Each structure stands twice: as C-alpha cells, then as structure tokens.
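Asker: With the hints as a guide, bring the two chains together.
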Amino acid sequence: MFPNKFDYVRATSVAEAIDLLEEYADADTEILAGGHSLLPTIKSGLASPEVVVDISGLDELAGLEIGPETTTFGATTTYADVLHTDGVYDAVPDVAETVEVIGDRQVRNAGTMGGNLAHADPASDLPAVVVAADATIQIQGPDGERAVPASEFFIAMYTTDLGPSELITAIEVPNVGDDEGATYVKKKSPSSGYAMVGVAARLRTDGDSIEAARLAANGAFDHAQRLEAAEDALVGATVTDDLAATAAGAATDGVEEWELMDDIQVSSDFRGQLLEVYTERAIQQALDRVGVAVSA
Amino acid sequence: MSIETIESDEVERGKAVGSSMQRREDRPLITGEGQFTDDLKYPREVQLVILRSRFGHATITDIDTSEAEAMDGVLAVYTEEDILASGLDNTIPGDGGQDHTAPVDRHLLASQKVRYQGDPIAAVVAKDRYTGHDAVDAIDVSYERLDMVTDIQDALQKDAPVIHEEAPDNVAFEWSSGNADETLASFDDAEEVVEVDLSINKVVAVPMEPRAAVAQYRPAAEELIVDLGCQSVLGVQDHLSGVLGVPEQRITVRAPEVGGGFGVKAQPYTGHILAAWCAMQLERPVKWQATRSEAFVSTNHSRRHDLTARAAIEDGRIVGLHVDSTADVGGYLTSGGAGVPSGAFGTRLLGQYDIPNAFVEVTGVFTNTTTLSAYRGAGRPEAAYVIERLANACARELGEDPLEFRRRNFIEPDQFPYETPFGSGYDSGDYEKTLDKALEYVDYEAFRERQAEAREEGRYLGIGFSNYIEICGGGAGGLQGGQLRIHPSGKVVARSSLVENGQGHATGFSQIVADELGVDIDDVDIVAGDSDRVPEGGGTGGSKAITMGGNALKEGAKKLRERARAIAAHELEAATEDIVFDDGEFHVAGAPSRSMTIEDVASVAYSGNLPEDIRGLEETTFFSPEGSTAPFGTHVVIVEIDPESGELEIDRYVAIDDVGTQINPKLIEGQIVGGVVQSIGQAIYEDAIYDDNGNLLSGTLQDYAVPRAKHVPEIEWDSTVTPSPNNPLGAKGVGEAGTIATMPAIVNATIDALEPLGVDHIDMPLTQERIWRTVQEAQEE
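Chains as they are written, first to last, in this note's numbering: chain A, 1 to 296; chain B, 297 to 1077.
Any given hint could turn out to be false.
[To be verified] Footprint (simulated), chain B over chain A, 3 or more residues, beta carbon under 8 Å:
hint : region
1    : 184-191
2    : 258-269
[Claimed, not checked] Calculated lysine-lysine pairs in the DSS-like style (CA-CA distance at most 30 Å, straight line):
hint : chain 1 : residue 1 : chain 2 : residue 2
3    : B       : 1006      : A       : 188
4    : B       : 962       : B       : 855
5    : B       : 962       : A       : 43
Hints listed in this document are in silico derivations from the structure and should not be mistaken for laboratory results. None of the values given here were measured: they were computed from a predicted structure. Heads up, the beta-carbon is just placed ideally off N, CA and C, and yes, glycines get one too.
Same shape as in the complex, but just chain B (with noise of 0.2 Å):
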C-alpha cells in the first residue's frame, strides 16, 4: 500500500491528524533554496580546516606549524597549547555512567598522543579553503608510531597495545542488567539451551551533509552565534557553554537545513567546537565543512558488537535470556559512547517474547578506530538482531516453523503495560496482530511450497521475519517543551526545540496545533532549529518529535482552546461552561448563531478590558509522558540467493508496522522506508574495515557501500494501530522502526535460503563473498 498524499488546501478543518498531507519541508530542498550551513556566507568569514592523525596510534614527538604560518592567507594555525594558553583545559564531554567506566578525557586537540586515525591535532584558520588544506599539508607532526589494535577481541588480549593509560586493559566500561541469579538457575534446569555466536559489523553513518558549522563572535556584547547542522541546538548551547565558558544565554545555536543526521548529529565533536573558539580568538566569523574523507574518520562509527546470545528452554517457551557481549567504543568514550551499546541496547533485548529471567553484560572496549555512539536505532538494531536471530535458532533447535515459536512466546495483549527483567516497561503492543497482516502481503504456505520446488530446481529462496519492538519516545521524566502563540491575526506559530532533520517535523507539529484550535492548517507556522526563538526541550533523536514535541503542543493548544473558550465567553456574554467548541467556533450552547471563530477570539484577546487571567492567547508547555513507547511490528523479506556467485537478490520485503496513532501515514511510510534501506546497507554491504596499521580501508564512497536507489527492492508497507496509553496524542515513535526491524529480516531468510547447503550462520555484512565463502565451508563439513 503506498499512500497518496494530499495538499495542504485539501485539509479540512479539524481533521489534520490522520490525513498524508504533503510534506511543508519540500518545497526549499527541492527547488534548491534551501539553505545548509555552507551555504551560509557572512562578512569577512574565513575557513577553518583541520589536521588529523593519519595514524592510528602513535606518540606525538613534535608539531612544527611554522611553514604552515608562514603561508600567505593563513590567519592562524593552533595546538593544544594555544587551546590551554586561552584557559580551556582541552576536553570534549564525553560519557559515564556505567560501572568502571574508564576516567579517560577526550581532547579537542592531541598533543601528546593520538588513538584513531582522523585524531584532531591542529587547526589552521586560512582566507580560503584551498590555502587551509594546503597550510594543514604543511604542517609537520613526528609521530612514533605505537603498536595498534583496531579489533575488539584483540584489545582484551593480555599484551594489547594500551591505548589509554587510565585504562590499562582497554575496558572503558562494564555494564550489566536484569536478574542475573534467576538467570543463570533458569539454563541449570531448562530442557534445551540454544547458543548462537553474533559478531555485528561496524557501520558508519553517512549523512548526505557532512558535519559543519560558522560561528560568528561579537566581543562587545560577548555573544557567540554558531549555525550548524546538528540534532539539537538546545544540547549544542550546553556543551559549547561548558567548553568554552561562554555563559548559555549569551550562546545562539541555530540549524540550518540539516543534511541528515541520523543520530551522528547529536554530539560534541572537535570540528563546530574549534570553530567557536577560533571565532572568538580572530573575532571573524569561522567556518568548519567537513570533506567526505574527513566525516569517514571523525563522524561516529556505530554498532560493532561480538556477543553469545542464550536461550534456556521449557515447553518450547524461552525462560531464560543470556547475553555476554564486547562493544566498541572506538579511540575515546564519546557522548552516548557507552550508553548506546549498555543500556539502549541491553534493556531491548527481549524483543517481543515474555521472557520471565534475563540478563546482559556489556564489556565496553578502546580500539585505535574513530568513536562509536548512537546511529539511527542506537542499539536497538543491535538489540533487535541478537534476539531474532536466537528465535530462528532456537526454532532450528526444536525443530519447527520459527512463525510457531514465534506465536508461543508473544507477549499477550493483556500482559501490557508488561515489565521486562531488565526494568524497562512496554506501553501497549498487540504482536500477533501485525504478523497476522504481514501474512496477509505474504502467503506462507504457498511461499513454502515454491520454496521446495525452487530448491528441486538448484534455485535457493528463503524467507526471514523481524518481529521487533523498539523502546523510544521520551520516557517518564523527561520533558519538552512547546510553545504556542495566536496572533490577533488569528495565524498560529508553535515552537519547538526539536530540530527538523528531514522527519518531517512542521508538517506533523502543524497537523497537531491545526486540529486542537481548528484553525486552518496553512495558518500554523512552526518554528523551530533556533536557540533564542523556542522553549527549553529535547533535541531530535530517539524517535521522540511526535511523543514528546507533538504532545507538547497538542497541551499547549488545548490550554489555549480553553482560554479561548473563556475569552469567547466573555464576549458572548456567556458562562464559559456553556460554550460549545465545534468544528472552528465557539458558540453558546443552543444559540449556535451567537458564535466566535478562533480568528474572531483572536482579534479580541490582546486587549486590556479582558480580565487579568485571559489576556492574550500565548501558551508555553513543558510536557512529561507517562513512560516510553514500545512501537513494533513484523517485517519479512523473502530473498533468493545463487550460490555459485554469492549474489543475493530481495525478491520481496514487506514492513507492517504499529507506531499508535498516526499523525500523517505518509510521513511514517517514509520514514519505515528510510529506515530499512539504511539497515539493508548494514545488513548487505556495509562494513569498516580497518587494516592492521589503524587505516580506515573503507573510508570513501567509492568502497564503502551505502545502498543506492538500484539495491533497495520496493518496500510494501502496511500498519496496525495501538494507541500508547503513556501520552494524550497515543502516538509512538516511528524514527527508528525501520532500522530496527530489518537487519535480523534479512539475515534470516538469507539462512533459510542456504539452509539446503547446511548453512546455519551467517554475519552481516551479506557480501557475495561471504555469502559464497559460508556456503564452501558448510558443504565441506
């Protein structure tokens, strides 16, 4: 089912929610008016550029930036000393909270010592960006270069190279969750234990805009300015506040288009850092633009995890769930570098299945590799992979259908709000539902059937499910903030911290606001992506804009509808008990004549003869959900694959996703979509590969493979609807399904195909070759 949409005119009033609208974000990038932070020029802007270690682990002996300064329009070339000489102390936030983490700092600029290949160490300020590349060419760093260890499993080996001393077994954290004694117990008693080996590959992001950023500084009103694509502008006030000094309020973040950000946009990094400093050493306005080749090494890497996965089985139900795994955190433990691969993943490990004793332990690892934290799903992908996969086996195991075992170890529907063992709280969910209408698209039997005459034929399908839940949306005791104002006009602005990276915010926040005043919905502008011009709040990430941001303004504008009402009252001279909100107006109950439009109300609420307490028609809101939402659904894939060259083709993929109530199915089509084809790159053709020497071999579009339009099947999607009970608009978070619930899909069936050929196993990525070399080792066996 693909959906049409409509045009916003087509839109009647009060029924915004639910219709696919077009999407308001279009209209710029499509005509090219967009604007991205390059595209930002200002007076007397000059170029900052970065020089990166190319090495993967060695001792810095000396940085000679004379040649480098010497350059004409070279403005400035910086080290670590002029960063301590101004009265930083040179460290970027980074992430804790975990047991044992590893007191390690993370430097803006490496003066010492670098652990990655794309390390920071110096910076040049030049006229243009041709002189910087050239001035950062010229200068001359001796390295000596240190044994490296760019594999998780070989940093835990005794005589690894020590890649920080604060840590000198390479643990940067140990991290563990549920009930362990029960656990344990539950496999000395179960029937059958099924063990599956999981190594996940190690993925970079890929935004179509590399990271970037212009930072202007005005010395006499000491104010920093700083426009950059990033997730949140609220989050990059804060932690260019805490580098720099610079008091929060005096610091206006604002983003631009973003091109992207999926995650990799959320935290602090060296590049927009050093540009605000460096803007406020010369007093010009700076700009940092990542290359490519420069976004490959020092934008997050994500997901690397080896891990053994435990069933404990009784009656064909898992009773016990045990997962032991190693992660990467890369060079340094970056913002969310230890809690994407703990907590965000460890905590989803059940997935969809009521398992009563479960429990996980992460050992968080140093590498020589470039910093991993959150990319789109941010450990759910991971999460959601380890516990499919385990279902397949553990269906293998027992020798039947993985859609019956499946079934067996559903939550039940009136098991919701359920409690996992690891303390996290599943909203609403009905499982059976969207495999029930995924088997609608899909006929199984009969799929089985061609199966086994296609195999007679030496022809090798197979058919994979994802049946995934993910945990986002806000939880209980965050907040965001949502701001509404009606102007005597009776045209609506509603603003909000979450910042549009290509979701689709305005067109779902405008839907919301439009409805709850029954206002028209082209006269609801939403603000957002500008520090000094919205509420506090969140910023994008975690499949949260609608859960948190959405219901912000739908409180928000219910509070005004209710002023409204009271100030319509007033004028009707009516108790406000007896006015009616209906279809855009208000009326006396029973006189529908004596009526006010909300324009008519508008046009009164700015006036001093009102009352104190309903004057003016401004509204700011700080929402806090119940809890968190548990989105979820069924995705299956049916593959066909030749042994003999390794291809593997996806014949079909069908998404059913449940994500509550649906703000415009459009937008969530999308981003379902967007969504999956990012996790068929993980799952088929996407893989950082480092060489011995700490090189990223895989740091180019011309060898890493992201899908393009010609790898990515058409995807049939479909939905079931189980409104959240942990907020009003019973909406879920959509941002991250599709990554989540495709990886295990595909892999899968993928296993399924080959299984003739006694392939039981299979990695990701699912490359010709390691498809073709798993089915020569199998047939050798």
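For reference, chain A alone in the conformation it holds in the complex (with noise of 0.2 Å):
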C-alpha cells in the first residue's frame, strides 16, 4: 500500500528509455510500463527500485500490425488494444483468446504485452503462448537490437534473457495457418486469476495426422516451457479418439517433482495433475479447430 520513495523519468525514445537505464545502471532500476505487475510488488514492499524508467507514453512501441505471415505486437500495446483489433482472433486465435483471459477489465485496460512478458511472472498467460507460438521477442539494448526466440527468453522465475540496459520492442507471432489448430487452455486460480496451470498449442496437421506439434506451460514450472515429451507423442501420430490423452499423459514425462510450483493453493503433486488435464484440453481444442479427420 505504500511504497517506498524512488525517484520517477519518463522516457520520451526509445533510445532515451536506454540511455536513461545506462545512467542508473548502477541503481536499483525497474521499467514502468503497463505498471500492473510493477505497481503491485512496489506497492506490497516486495520490490523497492531506486529508479522508476517510464516508457508507457512511448508510440512507437505501441500498436500491432497483422502482416501476411507474422502479427507484430508492440511492447507497449495494452492488452485492450489487442483485443479491440479487428483480425487479430484470425491471424492469432491463441494470443488473442490468452490476452482475454489475462486479469479482468481494468488489468486488460492498462497492462501491456512487453510488460507481461519482460516481468516473466511463472503463472502468467502470456509466456506459453508465445513459446508455443515460437515467436521472436524484439530486444533493444545500448548495443542495438536483436531477436531472441521466445523458447529461449524465458530462464527462470522472473528472469529472462533480457540485459540490464535493455528493453522489448515488440513480439512477433507467426500467423496461425489454415492448416493449424491453436489454443490456450488454464485453470484459473480462484483468488488471484493467474494460470494455476495454463497450456498452449499449436498443431500442424496433413488432414489425418499430426505434421507439427508445439506445446508449452506456464503456471506449471518456475518459467514457460516447451512440453516436449507430449510434442514427440503427437508428431506423427494418427489422429485417434484418445490421442489427446495419450499424449498429454507424457506432459509431465521426465518431469521431477522439485520441478514443478508448489504453492498453498496447489501442490506439485497436484500441478502435474493439472498439466495432463490441461495438456489433453488444449491438445483436444487445437485438434477440433484445426478438424482433422479422427480414424477409429
């Protein structure tokens, strides 16, 4: 409730906002952008940055643009402003069906897909999709730009591939194609709405089996992840009846205890529990959307 004191800039560039993190390098230095992850660690104590490096009033990393392969997200695009652009449910039903399910109205309002992904909170929404999407995050950084895929952006808890001094442009999202299912399923939790376990898909089908497969958690591990155990049981394979339990049935293969969140809500037991259950809706969804024909 109330913060301690830190001293507030409002970048008005990019290259100011970078600039502005190279001078406090040596502070304590968060970036505010959507501040909905921010605001609420300062505000309960658990964070106490000496610097505050506004970038929310920044255009030029605002809005989306739908491109014939690729959907571009600017960082500072608010979760709202996703969800208000016409053709974003065709071009990446996954992101825009994960985006609505982010928070409620007033998080979706202000909060901001650079945001959600820099903060790398474990049980957000947004990391799996963009892993499973295999999308590029946009870095810029005091020594230029660069491209880190999302699979590999994401490390640990809260901690990403991002420098000190650096920030996110923009996320690129491939399109989903005509031949693809994509969706992301959670499981909310009651009190916070964050993914106790969410699980996104997306499937590449040749009509009757499976070409491609890329599956991801949040909410599961300290970090987004690629569920590869369950991907290897699905490309390939016929598409059965009970494909989608099968292969969820490998979610948690190879996965150890100590790995999965434990917390008072839902134990690690439960939580791979969980991630199969999920697993098997999200795989299921993506295979009815995509419509393959099932053999017996």
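Answerer: Now the structure itself:
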C-alpha cells in the first residue's frame, strides 16, 4: 500500500529510455509500462526500486500490425488494444484468447504485452502462448537490436534473457495457418486469476495425422517451457479419439516433482495432474479447431 | 423467481409492507456520494499507524522507538508504557461466562509477549500515512521467538507451547449443554449409531471496507467524537467509555457508510480504541485506516472447529445427538470469542429434527493465530453444517434416501413452539413446506435418472440438501428502542440504534412506519448510526434489525397513531372511540366527510390548547419480543464434478427460505443471495492457512479466494411464509440465513456426486486439489 520513495523518470523515446537505463545502471532500476505487475509489487514492498523509468508514453512501441505471415505486437500495446483490433482473432487466435483471460478488464486496459513478458511471472498467461507459437522477442539495448526466440527468452522465475539496459520493443508471432490448430487453456487461481496451470498448443496436420506440434505450459514450472515429451508423442501420430489423452499423459514425463511449482493452492503433485488434464484439453481443442479426420 | 422492484412513489399508502420497494440506501453508494470513514477529513487530522507483530509467538525484549520518533512528520510513538502512564490498564474487553473460562487479559498494545502475527505492539501518529508507515518500519523490536502452535489439535498436546501462563493447557474455556445422561444412555440402547468426524475450516471475513476510525477530542468539554464503520454505535460508545474512562454521555459515536460488517465490526479492537486515545493525548483528530493486509491478520477470523458428531438411531429416527468439539479462539479471547463457538453453535445443533436427547461439549483452545469470533451466522453455519452432514450420513448408513430420512425426523408443525434439549425454543415452522416447494423447482426423480445416465458416461453429478434453521432476531428479555416524531408538517422521523451495514434498514423501517401511520413512504426519514440521535438499543448483528428495530418502530407508530386519533377526536369534537382510521385518514364513524389526515392532525398536535395527555406526536418505545425467531428453509444444490481435475461446477442452486412475514421481498432475496455467496466461499474456496511459523499464508486477496461474481451460480430464490408468533410483525431474521444454509448443501452434493467412486466424506474447502485427492484415496482403498 505504501511504497518506499523512488525517483521517477519518463522516457520520450526508446533511445532515451536506454540512455536512462545506462545512466542509472548502478541503481536498482525498474521499467514501468502498464504498471500492473510492477506497481503491486512496489506497493506490497516486494520490490523497492530506487529509480523507475516510465516507457508507457512511447508511441513508437504501441500498436500491432497483422502481416501476411506474422503479427507484430509493439511492447507497450495494451491487452485491450489487442482485443479491439480487427483480424487478430483470425491471425493469432491463441494469442487473442490468451489476452482475453489475463486479469480482469481493468488489468487488460492497462497491462502491456511487453511488460508481461519482461516481468516473466511464472503464472502469467502470455509466456506459454508465445513459446508455443514460436514467437520472436525483439530487443533493443545499448549495443543495438537483437531477436530472441521466445523459447530461449524465459530463463527462470522473473528472469529473462534481457540485459540490464535492454527493452523489449516488439513481439513477432507467426500467424496460425489453415492447417494449424491453436489454443490456450488455463485453470485460473480462484483468488489471483493467474494460471494455476495454463497450456498453449499449436498443431499442424496434413488432414489425418499431426505434422508438427508445439506445446508450452505456464503456471506449472518456474518459467514457461515447452512440453517436449508430449510434443514427441504427437508428431507423426494419426489422430484418434484417445490421442489427446495419450499424448497429454507424456506432459509430465521426465519432470521431477521439484520442477513443478508448489504453493498453498496447488501442490506440485497435483500440479502435475492438472498439467496433464489441461494439456489434454489444449490438444483436443487445437485438434477440434483444425478439423482433422479422426481415425477409428 | 427474481423479484422486480418498484419505485417508492409507486408504493400505495398503507401497502408498503410486503412491497419490493427499491432500496433507499443505494443512491449515494452508486453515485459515489457515500461517505465512508476514510472519506471524512477533519482540520488538523493526523494518521495513526499500528506496528503489529511479525511473529506468531515471541517474547519482546526491547522496543526501540527512537529512530521513528526522530523522523520528520512523526508526532508521537506510543507503546504500552505510554498507555499505562495515562492511567489506563492497557486491556480490551474480552469474553467470558463459559465454564472454566481462562482468566486471560487482552492488551491494547503488547510489551512482553506477542501471541499471533498481527498482535499490536506500538502506535505511530504521523502527519501522513506514508510517514506513519515508514516510522512503523523504523521501530526496532527485539523478539525472542518461541515455539508456536497454530492448530487446535497441536495446541492440546501435552508438550504444546503455552500461549498464556494463566491457561497452561491452552484451554480457553469448556462448555456443555443438553441432557447429558439421557443422551449418553440413548447411545447404549441404540439400534444404530452413526458418527461423522468433521473439520471446519477457518475463514477470514473480508468486508470491502477494512476497519477504520477517526477520533476527535474536545478537551474543554471533555468530549470524544469517534466516526467509524461499525455495527453498534452504542456498543462502541460503551466499550470506549469502559477502556478510556470517558463518561458515556460525553462520547459521540457515529457510523458513516459502512462497507460491510458481517459480525467482525461488532467487537472492540485496538485500532479504534487507540485512535480515540491518541486523539485525547494529542488533542487533534486522529484517523486510523487499516490496510487490507492489516485487516487479514487483525480482523477476527471465524468458524474453526474439529468435532465428532454421533447420532443414536431407533426406528429410523434420531433419538440421541452427541457432539464433542474443539474450537479455535485464536491468541486471545475477544468479545464473542467464547460465546460464538459455544452457545451460538451448540444450542442450534438440532436443526429441523425432533431429537429428544442431545448433548454438546465444546472446548475452546488458544492458538497462535488471529482471534476468532462472530462472522455472519456466528456458530449457526457450523451447527447447520454438522447436523446436515450427519443427517446425510444417517440416511447413507440406513440405506435410504436422504429426503425420506429427513421427512421422518422433522419436527412437525403441531409441535411448535418447540423446546430443544438445549433449552432453546423454536417459535414456528413448517419444514415440509419449504422442502416441497424446493422440489417444485428441482425435479428430484428426474435428477436421479439424469445422474444415473451421466454416471454411465463417466460424469459425476450430485444433489445436496440443506434443511436448516437458525435462531435469531433477539430473544425474550432483549430490548430495543425506537423513536418517532411526526413534525408539524406531517413528515415523520424514525430513529433506531441499529447501524446500516448494507442490509437496507432505512428501506424496511420506513415501510413499517409508513403503513402504521398511513403516510407516504417518502415522508418517513430514518435516522441511525449516531449515538447522540438514537434511543437506547442494540447493534446490528444476530439478524434482528426487523424483528427488534422494526417492531419497536411499529409499536411506537401504533402508539402515535392512537394519540393522533385522540387529537383528531378532540378536533372533530367526537369521542375517541368513534374515530376510525382508514386509508390514512381519521374520520368520525358514519360521517366520512368529517375527516383529518395524519398530516392535518400533525399540524395541530403541537398546541397548548390540547389536553396535556395528547400533546405532541413524539414517542420512544422500548420493544421486547416474546422470544427469538427460528427462520428455516431448504437449499438444494446440484453439482457436477470432474474427478480428473477436481473441478466442481454448481449446476443449480435453489433456495427456499421462510423468514416469517416479509417486509420487503427484494431485500430478503438480496440477503439470501449475499449469504449464500459468502458460504460458497467457505465451502469451496476460503481457508485461513498458517505455516508452522505462525505466518498467515493466505493473507492477501491474491492468495485468499473470496468468491468472485464468476464463481457464483444463478441463485433461484423463493419462499414460504410462516409468521413468528413472537413479535407483532410476525417477522423472522434473515441476514444470516443464506450463510447458514449453504455449506452442507454443497458438501452433501459433492459427496453424492462422488459416491460411486467410494467417497463418503470430505472436508471444506472443496478445492480442486482436495476433491482430486479424496477421490484418489477412495480409489486406493
């Protein structure tokens, strides 16, 4: 409720933001975009930055563009902006429906795409979908621009590949093709609304079998990660009634109990169970969407 | 049946009672004009912030306030020493009156030892809250941590840490009620004995507005004025006077808008008492506004029991009921801390059933957790939960339908007034009636068929019933004032000590008064929530606003009407007994043209020309009912459960309630719905979880799952009407009924759903993980 004192500086360009981050490199500095992750942590005393660099006014980072192959989200695009853009449900339905279940309306009006990913809350919804979609995170820093695959961006709880003076500028998400089914399903914590488990899926089929599969989970591990064993169980498989259940059973293969998060609402043991249940639902929904023929 | 409301100007004269008039309370709330405690700003106001213990159990070796005191903007830092130096004994009124109540004091500020996370230690008064919080952080408390115990069972172990030296076994009180010998004997001879072990979860009341107070002291007049969201302005006046030694008549307590009370704003707490004390020390307005985090650890928790309930059965009827319970009181006994888990719980255990022998024993236990006391329902939700879980277990044991078992055991309509072995009386009831009505909404046979079909498909549906009673609405010997004044203009002002916390008192009271006096509803104003402006009486709580406050005003209005009749007789030069009151007018019997409205009467009522005994239209009435009221009803829940994920979906929720005569059906529906929602919280989501170090882990709304709108199904509400013979309105209390009814219905439905998987018991809250685990364990057996 009562944050400690901090210095507040407002950047007027990406270059200036990076300069400011360099200038305050020795201080404990945080970037403010939508503020819906940062401010609660500051208010509750979990974070106590000395300097806050506000990038929320940077128009050059706001907005999204739906291209023929890729949809690009500027970092300060709010969730509400995403949901109010025509065509986004056609291009990247999995991202759109993920954004739809983040927080509540007030959160979605203020929270930003880049802020979400940079904060890297393990239970946030967006990380899994960008990993499953094989998105690219565009980053700018003192040494220029670089691009990182989403699957390499998240390192640990609240920890990403971002350097201390770097910013996310954009997120490039490949559009969902006609032969692809994409979805995100989550179990919301009844109190926080964050994912107790969330699973994103993108499956490509040739009509009756699966050519490619990318599955990723958040809420389950200390950061969003792919469910490779379940993907392996899908790729090349003929679609049958029990394929989703069988493949989902592999979601926890090779996962040690300590890797699964444990808290007062869900133990690691039960989280593994939820991971399997929600992986099955994600696969099934993706399959239903792409409309494959089911072999008996 | 969702009820349509009508505007107040659509209410016909004389027909206000029974109409679903729109709440008068809503306009300021929905337009943002409502003034809550923190909205009040006084010149020179300063802010009180309380330092609370980080630890659940520790001795304090030193409190160094020097750094905090030296900070700019800090006016004062107080510890127990300062309280004692001012002549106070540093204690807050607690609870007692049970057998063997431990002689334990509760302090305003701790100096030696802290007994729960959140125990208050020091007070900072600063020019603003930021400074106040910084200063609290700058106070250096040296703790020596002690072993602690946060669970009742652990606290009763022989080698458990001792929380109070005065209670070396951690027993706060022992209490029992009922006919012990006959009850125990009934088990010896019983054909069948059914037993359930239940653990009732601890919940945190979360009013939208955390507790707050702003106090002003006027030294010249030695007057104290305290504004605070509370349930009883006169109750607060009383305990402020008791603690601070300021004479009652010089303390004004006012409740502005109150953002929810739910029982937890009825007790004395350090916060508002210290605000008043600090205002006296500093001679400046002092405000305290708890943060949500502070509220979680310092506002009373509630409901935690572990118990065994047994039924002795003969010929399919319960002939003996024995309940043996241990209840958590937290780190201290606060007001109601002993009363709620003992009498308020134990004497309600019969529910709707005719049980000749019953005996209940409760042991109250200290733990290193926040104090426990009343929360909406106060003991009765727990009692209803016990008897309704047991009723289902009995039916299961006898291999019969739960409704058949219930019907056979119901108290019959001709048995009222019914006296229980606990000595508590039920005024009136017709339990088949609400059950039958519920079954008009839910086709039970069809559901059982649907359930069987679903099971074939591997889907798990369940139905649960709760046939509850509550005892509320005040009792014999209780007293409630109601004050009325008809101004010469004919406008009416009614006054009551009952504080509005969201119930709609002003709406209901105005309907009652308008009908008695035959005036337009909009000509009746209600004054409450100000100790200087209301007659003596109780506070809000125990579902008694209408049964006590409403009846007091009704009786007062009736007296005024009689006086108005006498005045009319004087003016119309007729005998009083020849004056008829009809459609809001007095007229001479047989001569309707010779008439006066009550407004006409009021315009001449304040005249020295009237005989002394009929002058003026002011009346204060002190009402006392014949006895308490026992509202009742049937709630039915249909759930669907996915055993793989543990997800529980409420498919239907039907509530049929009988609260006697209805003043405003819309208000009743609202009370039921609100109560049901709070109880859905306890049944499915809410749990106050402490770690072994006494930290409240579920201490924020991120972690503590109060139900959100999306968690709540449509609640289909309907009612029957069985008037209470115990008060003139025939009304029964309603504020807590929904909370009381819900939990057992949901849990019974869950067990019913999971029965084919071998589940016959589950405790609350019915989290996904608990449901999944319960199924896993049942499958392993």
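Asker: Return the numbers of the hints above that this structure violates; sort them in rising order.
Answerer: Violated hint (a single one): 5; every other hint is consistent with the structure.
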